[in-house]
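Undergrad: So you can see what is in the structure, the chains are spelled out below.
2 protein chains.
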Amino acid sequence: MSRAGQQTFVYDRPPAIAAHASIVGPKEGQGPLAEWFDTVLEDDLLSQKSWELAEMEMVRRCVLDALNKAQLPSEAVQAMLGGDLNNQIIASSFAARTLGMPFIGLYGACSTFAQALVIGSALISGGYLENAACTASSHFCTAERQFRFPLELGTQRPPQASRTATACGCALLTAEGEAPLRVTQGTVGRIIDLNITDANHMGAAMAPAVFDCIAAHLADTGRSASDYDLIATGDLGWIGRNLLLELCAAAGLDMPADRLIDCGASLFSREQDTHAGGSGCGCVAAVSCGWLMKRMEQGELSRVLVVGSGAMFSPTSSQQAQSVPGIAYAACIERKD
Amino acid sequence: MSRAGQQTFVYDRPPAIAAHASIVGPKEGQGPLAEWFDTVLEDDLLSQKSWELAEMEMVRRCVLDALNKAQLPSEAVQAMLGGDLNNQIIASSFAARTLGMPFIGLYGACSTFAQALVIGSALISGGYLENAACTASSHFCTAERQFRFPLELGTQRPPQASRTATACGCALLTAEGEAPLRVTQGTVGRIIDLNITDANHMGAAMAPAVFDCIAAHLADTGRSASDYDLIATGDLGWIGRNLLLELCAAAGLDMPADRLIDCGASLFSREQDTHAGGSGCGCVAAVSCGWLMKRMEQGELSRVLVVGSGAMFSPTSSQQAQSVPGIAYAACIERKD
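Protein chains in written order, with the working numbering: chain B, 1 to 337; chain E, 1 to 337.
Treat the hints loosely; a few may be bogus.
For chains that are exact copies, the list does not tell them apart, and a pair is met inside one copy or across any two.
[To be verified] Keeping only pairs whose Cα atoms sit at most 20 Å apart, straight-line, the calculated SDA-like set for lysine to any residue is:
| hint | residue 1 | residue 2 |
| --- | --- | --- |
| 1 | Lys27 | Leu46 |
| 2 | Lys27 | Arg270 |
| 3 | Lys27 | Trp238 |
| 4 | Lys49 | Pro315 |
| 5 | Lys49 | Thr197 |
| 6 | Lys49 | Ser323 |
| 7 | Lys49 | Asn195 |
| 8 | Lys336 | Asp229 |
Since the hints were made in silico from the structure, they are not lab data. Predicted, not measured: the structure shown is a model, and the values here were computed from it.
Here chain B stands alone, though its shape is the one from the complex (with noise of 0.2 Å):
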């Protein structure tokens, strides 16, 4: 059986994560996660004539890292899946451009990357792929003039606005293999929107959706959360997380506080003054491929439940004044002794 209740796929052959891969800017290379990424960008502009191209860089440089590390070419890998906040996902399908890969491009807003692992994993373990190179990406500066104001305005953050990370992670899935790492099960979100209509608080508008997935992960699976060693959500930051207690403790889902990290909470110190904390697509990216699977291969971690969060909303909607929806995919990521 591929599927647990109404919306939980279980692999039946957990496809094994080859290698992973992560490249963070120079603000998240001075956070508390910093010695856990690949690269650390001394230049967020990559050399690049525009922020729009350095994110394409920073996804293609990315891939490759990861293909290195397994020492493949990237003739093997039959599908690159991805995506990014940028109109059009332009960051992940201009760097397919130059990958070569057939690609299939996603949409999940920041849980893109939960996204990719989840139908990735679907394609390998049923026999459609035999390497899939899972990746999500953003980039501080594209966010910022895309959804909110150019930098160059100098506009004031409001307090309960996350920073968008810049940051790609990619994790490179392979059907044989002897990687300690396996995508297990995942879980595909519904829309929920409890009519949050501010765009800057993306923890209160995505909060639901997570607790909605996570609901319906465990209810599928038949888990409680203490069967995982760390439930990462990302990426709802500081207000997100505490907010997500409160509806877990509200509906009677028990939630170990001490199990439940968010990749947005965990990537930048309160001191890097960034708000409510990290998001954008490639912060749950790239803390999952950097801390997150190489804490899980160093035998600290044996069972992590990914639920990347993604705010379905863009300037257009907010500006017909639109309330803010929000999306949840959850990966189950094991380490088999």
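Since the structure of chain B is provided, determine the placement of chain E on it from the hints.
TA: The following block gives chain E in isolation, referenced to the frame of chain B:
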């Protein structure tokens, strides 16, 4: 074996098309295919306050129409797969919000409908989903103001420009059932870019990706173009279709011109003055779900290859002088007698 060659999925348990629905706008309803569509809108604003809300409503109605035809409640559908041309695919995600189904957001520009068929079929054949709603939409008025100019400016469009169709299609895939049409194979394309920088010339930008995808599909499956009753591209328009025939001839790929139709070149008559023909995610979706699938059900066609093509650019990438990369996905639909 669930895979042929490098890029083609072979569905071991080919999903049936339980139902399909199509909606088009008023101008599309004056075209040569008008009688084939389930719904022709009299008002392309659908009594909404904005074009974007109108597109969301069109998606919602189209998915519900397909569900009604199949006599399935929305709770029986484990995933809606889809996307659109709006920034951050808000038409699809806002529709998914009202429909309540788990949502897999895709972005392949105008290739999105074929992409949804390819991925959705893999997820059903692999046992991950029982039912999946595959959809894509576009709206002339949302696309013009986002990608080109607000309609209110009355800007003259160049002769090589295509007209984004106001249209939506939904194919409801199911693992079980006696429906005559099945999706048997799917090919994931690569990003191909021959350095077309004219963002109005979609046919030229996408024809190379369509050629690459068709060539990969035929190589992977060992078939020739004449093994298909019809190869339906969407959307190259009249100019792009001719360029595709030229690319096939140059490469020695035998492509009988009488078996190659383009959805964008079929949706409008020459007299409707749409310049290069129709385009947009909804064009190939509605033409497939209306015209093509109905002709197949009537026994006129037995095997059709739907090749959706997308231009993976954004206004930002064009403003930064980047060329327009193309992608294509191919879905093989067969009638089981």
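Undergrad: Evaluate each hint against the coordinates.
TA: These are the hints, each one checked on the structure:
1. Lys27 to Leu46: Within one copy only: 14 Å inside, 47 Å across.
2. Lys27 to Arg270: Cα proximity of Lys27 and Arg270: one copy only (13 Å, versus 56 Å across).
3. Lys27 to Trp238: within (18 Å within a copy, 50 Å between copies)
4. Lys49 to Pro315: between (25 Å within a copy, 16 Å between copies)
5. Lys49 to Thr197: between (35 Å within a copy, 18 Å between copies)
6. Lys49 to Ser323: Answer is between; shortest inter-copy Cα gap is 15 Å, intra-copy 35 Å.
7. Lys49 to Asn195: Result: close only across copies, 18 Å inter versus 39 Å intra.
8. Lys336 to Asp229: Within one copy only: 14 Å inside a chain, 49 Å across chains, cut-off 20 Å.
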